[in-house]
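Below, each chain spelled out in residue letters.
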Amino acid sequence: MKELEKTKRISISAVLFILIIFIGVLSFKRPKNVFKNDKNISLNHIIKQDYILQIKDLDRTNSTLIDIRSPYEYNKGYIKNAVNIYVPDLLEPKQLAYIKQLDKENKIIVLYGNNPEEANGAWLLLTQLGLKNIKVLCVKLTYKNDKLIVESYPLEKPTLNYAEFMKKASSGKIKKVKRAQKKVIRLIKKKKKVAEGGC
Amino acid sequence: MSKSYKYKKFLVRRYQILAAILIVLSAGLVLLPKYEKNEGIKPEAFLLNVLSTERYINTDELADRLINQDPTILLVDVRTPKEFEEYSLPNAVNIPLADVLSSDSEAYLNQDAFDVVLYSNDNYYSDQAYFLCNRLGYKNLYVLEGGLNKWFSTIINPKMPKETAPRKDFDIYNSRIAAGMYFGVGNSSQKIVKKAPKKVIKLTKKKKKVAEGGC
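Protein chains in written order, with our numbering: chain A, 1 to 199; chain B, 1 to 215.
One chain only, chain A, in its complex shape:
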């Protein structure tokens, strides 16, 4: 009888164990998004710098433009045929599926924002997720008379020769930026003429 009890216990525990493993396997949550490229691959991507597109190199036929600014700014004006995906929505399933689809079709995906710095983070995020054809359009956007103006942006160019400037500065020779001279507008007062003619 004792043996029977023992075997009963063993079999019950074995069944329970199997059940637990089953439940564990079924409730195994796979993470939604996983970084595919490790850090070194990403670094190589960054150094190669072939992902930065100038306006003249933009091939409109094979590329899709994605505007990563907010919908409000997008409505103010956007480059023709650009799709709007605001940066916080980049990981939403619908948007991500759209981008992945474009990537599968081997279309070049070009990101742009008010300046390349805005697109920088989005580009890094997408390339690290494993998408291959992502590029950044090196432009800056301004508005004039409610129209969008797209200009090339001098990426990481020093605005002046620092060493020279510091030399000049330490010797006290920099000319301060002269303020524009005050425009003096002369108003000619019309002299009141005494009424002629007499009484």
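No wet-lab data here; the hints were simulated from the structure. Treat the hints loosely; a few may be bogus.
[Unchecked claim] Covered stretches of chain B, as calculated for chain A (at least 3 residues, CB under 8 Å): (1) 17-23; (2) 121-135.
[Unchecked claim] Cβ-to-Cβ under 8 Å is the rule here; a few derived chain A residues that face chain B: (3) I46; (4) V87; (5) P93; (6) G121.
Each residue gets a CB set at the ideal place from its N, CA and C atoms; glycine is no exception.
Guided by the hints, dock chain B onto chain A, whose structure is given.
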């Protein structure tokens, strides 16, 4: 007797079945698609970091900390060694963008003793260095907003505010000029006027001449 024998056989059978199931399950666990481990932080956290502007430190703040000789600041220049040689901020370390993930630079970047401020000509490359390190979970990293271009246009060569600007702008301008002097700018407008030596003018007293001529 036969009953217990049958029972025993059944028990053995049961064990065999259980053992078989367990073996099948373990094989399944081994062959489960490998959970690709995220190296570093999750993409969602990464996106949040991309959006937040907490990483930026502006030029006035940095100048302030440098002048007060804050010992917890560590400046890291991510430009090429050539550009670093030409000019760099005082006491900066050069870690070119290509070497940001090497094991030597890890000693500078992956620590919690200093506040590391990354900078370059603008903030594009420094942002990229920040993102790479952020993905690996390094803390205490900051980016100089606007980089050296902004440093020069605010601290070294600040623009004089218009006459109609509020008092605050003038205060900021003055503090920037003062900060610039710390960093080696000798402003011509602040030249100390040499006091002209006191000219000693000898006054010769005219002696009053007694009126001549008499009565």
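Hint check results:
1. Only residues whose beta carbon comes within less than 8 Å of a beta carbon in chain A count, and the region 17-23 of chain B has 3; three or more means the coverage holds.
2. Coverage of the region 121-135 of chain B by chain A holds. Counting CB-CB distances below 8 Å, 10 residues qualify, and the rule asks for three or more.
3. The beta carbon of I46(A) comes within 5 Å of a beta carbon in chain B, closer than 8 Å, and the hint placing it at the interface holds.
4. Taking 8 Å as the C-beta contact cut-off toward chain B, the hint placing V87(A) at the interface holds, the least distance being around 6 Å.
5. Annotation: interface hint on P93(A) violated; nearest CB of chain B at approximately 12 Å, more than 8 Å.
6. The interface hint given for G121(A) is met, as the beta carbon of that residue sits about 3 Å from the closest beta carbon of chain B, less than 8 Å.
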